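Asks: Take these sequences, add in the hints, and give me the full structure.
Count the sequence shown with our numbering and you get residues 1254 to 1945, in order.
None of these hints come from the bench; they were simulated from the model. Treat the hints with care, since some could be wrong.
To be verified - Below, in silico cross-link-like pairs of lysine-lysine (DSS-like), each with a Cα-Cα straight-line distance of 25 Å or less:
| no. | residue 1 | residue 2 |
| --- | --- | --- |
| 1 | 1325 | 1268 |
| 2 | 1326 | 1376 |
| 3 | 1875 | 1849 |
| 4 | 1925 | 1885 |
| 5 | 1940 | 1925 |
| 6 | 1543 | 1526 |
| 7 | 1664 | 1579 |
| 8 | 1376 | 1306 |
| 9 | 1496 | 1695 |
| 10 | 1843 | 1436 |
| 11 | 1519 | 1279 |
| 12 | 1483 | 1467 |
| 13 | 1318 | 1276 |
| 14 | 1412 | 1292 |
| 15 | 1543 | 1372 |
| 16 | 1279 | 1542 |
| 17 | 1485 | 1496 |
| 18 | 1276 | 1412 |
| 19 | 1626 | 1670 |
Computed from a predicted model, the values in this text were never measured in an experiment.
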Amino acid sequence: MAQYLVIVESPAKAKTIERYLGKRYKVKASMGHIRDLPKSQTGVDVENNFEPKYITIRGKGPVLKELKTAAKKADKVFLAADPDREGEAIAWHLAHSLDIDIHSDCRVVFNEITKDAVKDSFKHPRKINMDLVDAQQARRILDRLVGYNISPLLWQKVKKGLSAGRVQSVAVKMIIDRENEIKNFKPEEYWSIQSLFSKDGQQFEGNFYGSNGKKVELKTKEDVDKILAKLKGDYFLVDKVNKKERRRNPSPAFTTSSLQQEAARKLNFRARKTMMIAQQLYEGIDLGKKEGGITGLITYMRTDSTRISTTAQNQARDFVDQKYGKSYIGSNKQAKKSEGVQDAHEAIRPTNSFRDPQSLKNVLSGDQLKLYKLIWERFIASQMAPAVMDTMTVHLLNEGIEFRATGSKVKFKGFMKVYIEGSDDQENKQEKWLPEIEEGIKVKSEKMEPSQHFTQPPPRYTEARLVKTMEEKGIGRPSTYAPTLDTIQRRGYVALDNRRFVPTELGEIVSSLMEEFFPEIIDVAFTVKMEDDLDAIEEGKTEWIRIIDQFYQGFSQRLSKAEEEMEKVEIKDEPAGINCEKCGHEMVYKMGRYGKFLACSNFPDCRNTKPILKEIGVKCPKCKDGNIVERKTKRKRAFYGCDNYPECDFISWDKPIGRNCPKCHTMLVEKKSKKTAQVQCPHCDYKEEAQS
1254 MAQYLVIVES
1264 PAKAKTIERY
1274 LGKRYKVKAS
1284 MGHIRDLPKS
1294 QTGVDVENNF
1304 EPKYITIRGK
1314 GPVLKELKTA
1324 AKKADKVFLA
1334 ADPDREGEAI
1344 AWHLAHSLDI
1354 DIHSDCRVVF
1364 NEITKDAVKD
1374 SFKHPRKINM
1384 DLVDAQQARR
1394 ILDRLVGYNI
1404 SPLLWQKVKK
1414 GLSAGRVQSV
1424 AVKMIIDREN
1434 EIKNFKPEEY
1444 WSIQSLFSKD
1454 GQQFEGNFYG
1464 SNGKKVELKT
1474 KEDVDKILAK
1484 LKGDYFLVDK
1494 VNKKERRRNP
1504 SPAFTTSSLQ
1514 QEAARKLNFR
1524 ARKTMMIAQQ
1534 LYEGIDLGKK
1544 EGGITGLITY
1554 MRTDSTRIST
1564 TAQNQARDFV
1574 DQKYGKSYIG
1584 SNKQAKKSEG
1594 VQDAHEAIRP
1604 TNSFRDPQSL
1614 KNVLSGDQLK
1624 LYKLIWERFI
1634 ASQMAPAVMD
1644 TMTVHLLNEG
1654 IEFRATGSKV
1664 KFKGFMKVYI
1674 EGSDDQENKQ
1684 EKWLPEIEEG
1694 IKVKSEKMEP
1704 SQHFTQPPPR
1714 YTEARLVKTM
1724 EEKGIGRPST
1734 YAPTLDTIQR
1744 RGYVALDNRR
1754 FVPTELGEIV
1764 SSLMEEFFPE
1774 IIDVAFTVKM
1784 EDDLDAIEEG
1794 KTEWIRIIDQ
1804 FYQGFSQRLS
1814 KAEEEMEKVE
1824 IKDEPAGINC
1834 EKCGHEMVYK
1844 MGRYGKFLAC
1854 SNFPDCRNTK
1864 PILKEIGVKC
1874 PKCKDGNIVE
1884 RKTKRKRAFY
1894 GCDNYPECDF
1904 ISWDKPIGRN
1914 CPKCHTMLVE
1924 KKSKKTAQVQ
1934 CPHCDYKEEA
1944 QS
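Replies: Written out as structure tokens, the structure reads:
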């Protein structure tokens, strides 16, 4: 009987797939790439058509030896790495190392690790797709040429340990540009007038719209006073009532980008954490013997497509029919493929629509359950009927001055019964429904309130907003978002302040040098074109050597110029205004991996360092002598402690407010969530609303 060897990337996948395939198949893991460019040198021969010099990755020798032994014993070897460019390249490297003919039917791909999907994929093996391999090689060589040529220059001219990369440099530049927009923003004054109307004891709100049928903008207090002066009495005529039915369609199933964004909004997950947990759900979770053992719960999590297979659609529709009824089933229409989308595989969805989150409570960790629930709900909702909303707009007149009141209510929940997409807009307020109002009647204005406002600068990027913007601009690809955000933080180019990116001084220095000497590297349009070129290589429309050569001709010239003309940058330490308690020398601010910190200027003779502490104006309730300061954990979570630490060990995750509880006299704290802030007593049930 024939014996087959299957090579996948991870041991978790290997166990699952071996159980699906049966005794004739032996499944082993390569533990990712087994060959790569050397770390000690560029590894690209620019004089010989950019020939890459691949070597066996250090530490992978025993794995490769084990795979070679197993391959010799097998009648046929199947390469089943992930279904993307990276996976295709891993399969190609394995074929090279194990002497497998790349033109033979040795490549197997599946989008989900379920018994049916895996067994079906082995009925349709194919040869290795060299266009996919070349696209991955081109990206790897491009990144190596940029990183291994510019980084040493930055070490020499600025500081050791720095790096430069195509996508990361653009991301840093975007964060710096946004910060400059905020700094240079000039707020403009504008006003609004809100009125509280009443009709038969029922109250509703309306806002000033305009005068004599035209919309009017209120820019100053004088504009407001002119409008108020025209009003006569408190009664307004209901001039017009518009009622409409509006349909709201569900969002499509997740792509990599939209999953990272929504997990950030709803679960507070960082992009890296989202992808790590998604990988676990994809590779398989042990559901117990009755449920089939280790099973992949979601489809492949690196995708830019919202396409759903017909089989998955039909299963979801069956679930919706059984759970909610036929009226909740959506249409079979697929979302149109957006420009630039590779559409290599489906959107991220559960492998079984009938496996709801509740049924997995006992087998998933807390974070796994949260992410699975998000993916499951989004997918099920995407296959449901639109929500139907009744909307109403009331036009109210007094001496030609028009106010408008709007409201809406849900007539049919549709997909909203399962899931509603999150929003980056924290001010997104739900409209209220209005009382029944007929045209021609009069309603009374109970209270008229003018309000002054100022236009706001654009917000700093959160991880979700930055990923969304990068995707919209065509910078990077699904697999690059999480590692890019991780890299720019580890290098100290940006920091997170209240979960929003701010550039560091180091980031601004490096970005400025890149803009001066390598403008194309941080140019969004150039980066987008490069991604398009990589896609063209994948589609077999162009050769990878030609794309690399076009880039390198200009890049090598700029590199030579930078080596000659780039001046050494001295990052001066900023005096902190206090002396070191150990040796008496002045303390200075220094830049470290986690941002700025205090250090003694007498280094290396004195190695005293301290975190930068922010006083909140509250005395310590424990020792009565120290001041409460805000500190940060390594993961940037804020907590509060006494500045007399370690003599005083007072600590609180919630911010003390300096007042004691009227019931038990314990110091009150402010508890904050995404939407609310409340003052509470940590020892009893006393609560009060926080002052804004």
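Asks: For each hint, tell me whether it holds in the structure or not.
Replies: Consistency of the hints with the structure:
| no. | hint | result |
| --- | --- | --- |
| 1 | 1325 to 1268 | holds, 21 Å |
| 2 | 1326 to 1376 | holds, 22 Å |
| 3 | 1875 to 1849 | violated, 29 Å |
| 4 | 1925 to 1885 | holds, 16 Å |
| 5 | 1940 to 1925 | holds, 13 Å |
| 6 | 1543 to 1526 | violated, 30 Å |
| 7 | 1664 to 1579 | holds, 17 Å |
| 8 | 1376 to 1306 | violated, 35 Å |
| 9 | 1496 to 1695 | holds, 19 Å |
| 10 | 1843 to 1436 | holds, 24 Å |
| 11 | 1519 to 1279 | violated, 41 Å |
| 12 | 1483 to 1467 | holds, 15 Å |
| 13 | 1318 to 1276 | holds, 23 Å |
| 14 | 1412 to 1292 | holds, 20 Å |
| 15 | 1543 to 1372 | holds, 20 Å |
| 16 | 1279 to 1542 | holds, 21 Å |
| 17 | 1485 to 1496 | violated, 28 Å |
| 18 | 1276 to 1412 | violated, 56 Å |
| 19 | 1626 to 1670 | holds, 14 Å |
Hints 3, 6, 8, 11, 17 and 18 from the list above are not met by this structure, while the remaining hints are.
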